[in-house]
Amino acid sequence: MTLQELYLKINGNFAEAQGRLMKDSFIEKFALMYLKDDSFINLQAAVDAENIADSFRAAHTLKGVAANLAFTELQLAATNLTEQLRPQTETANMELYTIVKAAHEKVVNALNEYSASKS
Amino acid sequence: MVKNQILIVDDSEINREMLRLILEDEYDIVEAGNGKEAIEIIEKGDHVFRLVLLDLVMPVMSGYEALQEFKNRGWHHNLPVIIISGDSTDEALSKAYDLGAADFFAKPYNPQIVLRRVTNVISSREYAYRDLLTGAYNRLGFLQMANNFLQKCEDRTKFAIMFFDLKNFKAINSLLGTEGGDAVLRQTFNGMVHAELEPIFISRFEADHFVCLVEKRKIDVAKLIQESNQTLEWNGHSMQFRFRTGICHIDNDSDVINFVDRAKLSLNYIDDEYLKPYAIFDDNMAQNYINAAAVTSEFETSMANEEFKVYYQPVMETATGKIASAEALIRWIHPERGFVRPDLFIPALEKDGFISKLDLFVDKKVNQVMQLWKEQGLVTVPVSINLSWMDFYDQDMIQNILDNVAQRITTPGSVRYEITESSFAALKENRGDVLKALREQGAWLLMDDFGSGYSSLGMLMNYKFDILKIDMSFVRQLEKNPDVKHIIKMIIDMCHLLGMKVVAEGAETETQVNILREDACDYIQGYYFSKPLPEEEFKQFLAKCKEEGKI
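Line by line, the protein sequences are chains A and B.
The letter at position 45 of the first sequence is residue 45 when you use the working numbering, and the numbering goes up by one with no holes.
Count along the second sequence from 1, then add 1000; that gives the number in the working numbering.
FYI, nobody ran anything at the bench for these hints, they're computed from the structure.
Please note that a few of the clues may not be correct.
[Claimed, not checked] Sample of chain B residues lacking proximity to chain A, with all beta carbon distances greater than 12 Å (derived):
id : residue
1  : 1180
2  : 1254
3  : 1382
4  : 1458
5  : 1476
6  : 1480
7  : 1544
[As the list claims (entries may be wrong)] Derived Cβ-Cβ restraints for the label pairs, each shown as a range:
id : chain 1 : residue 1 : chain 2 : residue 2 : range
8  : A       : 41        : B       : 1119      : 32 to 38 Å
9  : B       : 1206      : A       : 45        : 56 to 62 Å
10 : A       : 89        : B       : 1060      : 19 to 25 Å
We put the beta carbon where it would ideally sit given N, CA and C, even for glycine.
Please work from the sequences and hints to get the whole structure.
This is the structure:
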C-alpha cells in the first residue's frame, strides 16, 4: 500500500499533506503517529460521560490534528461536531459523533493496513 | 552560537511534533502539553524563550487562561506569544490580541507561513536584548543568556569572561565620523563571530566594550596579542584600532555580572598595552576588588561606625627640613575587608554622590582635631583638605565650605583646599566664582596632581592658586628619565613666576630630595619624610618636630 492509496482510502488530501510535510517519510511518520494519538479516546470518554466542556475540547483538538494531517473526511466530521458543541449548551449530537467515530475508525483501519503492508 | 529557544504549547503531540519539524533547524524547541505546564517550564528558568507558540483549546489550562497568567506575571512585555489554533473567528482573534498575543496563525499549518511569522515576531522584539547596530547581544541579553547557560552546564569553571576594550574609538569617531565608528563596531563583532575563540555569546556590552563568554581552553594569548591590532578599511581610509582585553575565569556560582566587572577591572593591571594587551584577573586583584554597589550601600553604616579615618601626611620645607603643613587623607578600615584602597572606593562614592558627605566629614574632623590640640597647647600646622569635582555640583556643599572658612580662618592659609584638574569642567559648569570667594576669605587653594591630566595649563590660566602640587608620577621618574628633571624645573620656575609655591609629591629617596632641593622646589611630601599618619602618630610627629626645632 502506498501513501497515496492510504490517503485515497480515508478521503484525505495527499497533495496538501505533501505541501505541509515536504517528504513522504515525514508524511508517513506523522500519519502513523495518529495511531498513538489520544484525541479520539478523550472525545469518546467525554461524550460517554456527557461532559460538554471536555467534549468540545476533545473535538476541537481532533479537528486540529486531522487538519494538520490532511485527513479531510475526519477533519470535516470533527469540525461539524466542534461547532455543534461550541456554545457548550448541549451534549454531543450523537449523529454527528457517530460520523466522527466512523471516520476515525476508517483512518485507524487504513493506517493498520498500511503498517502491515510495510512490515 | 546558540539557537533561540521557542516554547510550543499544544495538547496534541502530533501538532507539537509538526511544528518542531518546521522550526527545529533554526530554533531550539521545548514542548508543553497545556498552559499550566508551560507556566511551570517558564518559571523554572532553565530556558530563555524568545517566543511561545500557544494553542487556545487545551485541557487543564487553556491558551486564554495562560495568556492571562502571562500578563499577570508581566511576561507579555518580553515574551511574545503567537496563537496557533483551529479557531480563526474574529471573536477568538480579538480576545487573544486583547490578552497580549503578538500574532496568530490557524491550523492546519503552512510551514512557510509558520517560519516567516515566527522569524518576524522574534526579530521585532530583538531590540530588547540585542544591539541593533552589530547584531551582538546587548548587556541585558548577554547577562540573561550567559547566566542561563552557566546555570545549566555541569562544570562552569571551564568557562571565562573576556572583556574587550576598544582603545582609540573616540579618535576613530572624530576622524571618520560616527559612521566610521559604527563600521569599527560591526567589524569587531564580525571578527569575533568568526574567530577561532568561538565565543558562546558575544555582546556589545556598553559603547565601545565587547564582552564574550568563552571556553577557557580556547583562549590563545599569542593570538590575542596578534589580533589586538586591527585595521579598518573604510571609504578609502585605512585606520588602525586596538584592543585591550581583561579575562576573568569563572570560579563560583555568582551572577555573571560579577565576572564581567572583574574582567573589566583587570584592564587596570595591563602595564604595556602593546607587548601584553591583556590581563587575567587573579587573587591579588581580587583583594582589591570592591563591588561599587557594595561600597555605596555600606557607606552610611560605615560612616556611622566610624570606619573612615583621617590620616595626615606631613609636607616638609625643602630648604630647612622643617614641617610646613600636612595633607588630610581619608582611609577606610573595613571590619571584614581591612584596609580598602581609596582609589577603589572614592570613584564609587563620586558616582553616587556620597563623596561630598565624606569630604565634609574630613573637613569637620580635621578642624575639630586641630582646635582641640590648640586648646591643649599643642603645636599644629595648616592641614589641607581634598575637594572632589563632585562637590562643585552640590550647592549645599559649596555653601557649607564657604561658611566653615568664614568661621575658622585665623591667618591667610590657615585653611587650605586641594582640588584636581578634574574639577575644571565642574567649576566651569557651576560656580567658577567659588574659588575666588574662598581665596578672598583667606583660604589657600592647592592645585593637586598637576601634570597627570590634560587641562593643567588651562586651569592655571583661569584660576588663581597658592600652591601647586606636582604629581607623584614625575618624582617617581626623576632618577630613571633624565628629561623629567627639566620638566620639573620648568614647572617650578613657572610657578614662581606666577607667584605660587610648589610641593613635589611622592619623594621616596635621598637622591630625589636632593634634586628637588637643587631645583628650588619649596616643599616635599612623600615617604622619604613620612607616610600618612593616623591622628595619634601625627600628634607625636609634630611634638618631635617641635623638640628638634623643625617647625
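| query | Does the claim that residue 1180 of chain B lies off the interface hold, with its Cβ farther than 12 Å from every Cβ of chain A? | reply | holds, 46 Å
(message) If I take the minimum Cβ distance from residue 1254 of chain B to any residue of chain A, is it greater than 12 Å?
(response) holds, 45 Å
Quiz prompt | Outside-interface status for residue 1458 of chain B - nearest CB in chain A farther than 12 Å | solution = With a cut-off of 12 Å, residue 1458 of chain B remains clear of chain A, as the shortest Cβ separation is near 72 Å.
- Item | Distance restraint evaluation - residue 1206 of chain B, residue 45 of chain A, Cβ atoms, bounds 56 to 62 Å | With Cβ atoms ~58 Å apart, the hint holds.
> Beyond 12 Å from chain A, beta-carbon-wise, is residue 1544 of chain B?
Replying inline: holds, 93 Å
**Message:** Does the beta carbon distance between residue 89 of chain A and residue 1060 of chain B stay inside 19 to 25 Å, or does it fall outside?
**Reply:** Given about 23 Å between the Cβ atoms, the range holds.
- Message: Within 32 to 38 Å: is that where the Cβ-Cβ distance between residue 41 of chain A and residue 1119 of chain B falls?
- Response: holds, 36 Å
(message) Over 12 Å from every CB of chain A: does residue 1476 of chain B meet that, or does the non-interface label fail?
(response) The claim stands: residue 1476 of chain B keeps its Cβ more than 12 Å from every Cβ of chain A (closest is about 73 Å).
Worksheet item: Going by Cβ atoms, does residue 1480 of chain B stay more than 12 Å from chain A at every point?
Response: Residue 1480 of chain B is indeed farther than 12 Å from all Cβ atoms of chain A, at 74 Å.
Margin query: According to the definition I'm using, a residue is off the interface if its beta carbon is farther than 12 Å from all beta carbons of the partner; does residue 1382 of chain B meet that for chain A?
Written below: holds, 87 Å
In this structure, none of the earlier numbered hints is contradicted; all agree with it.
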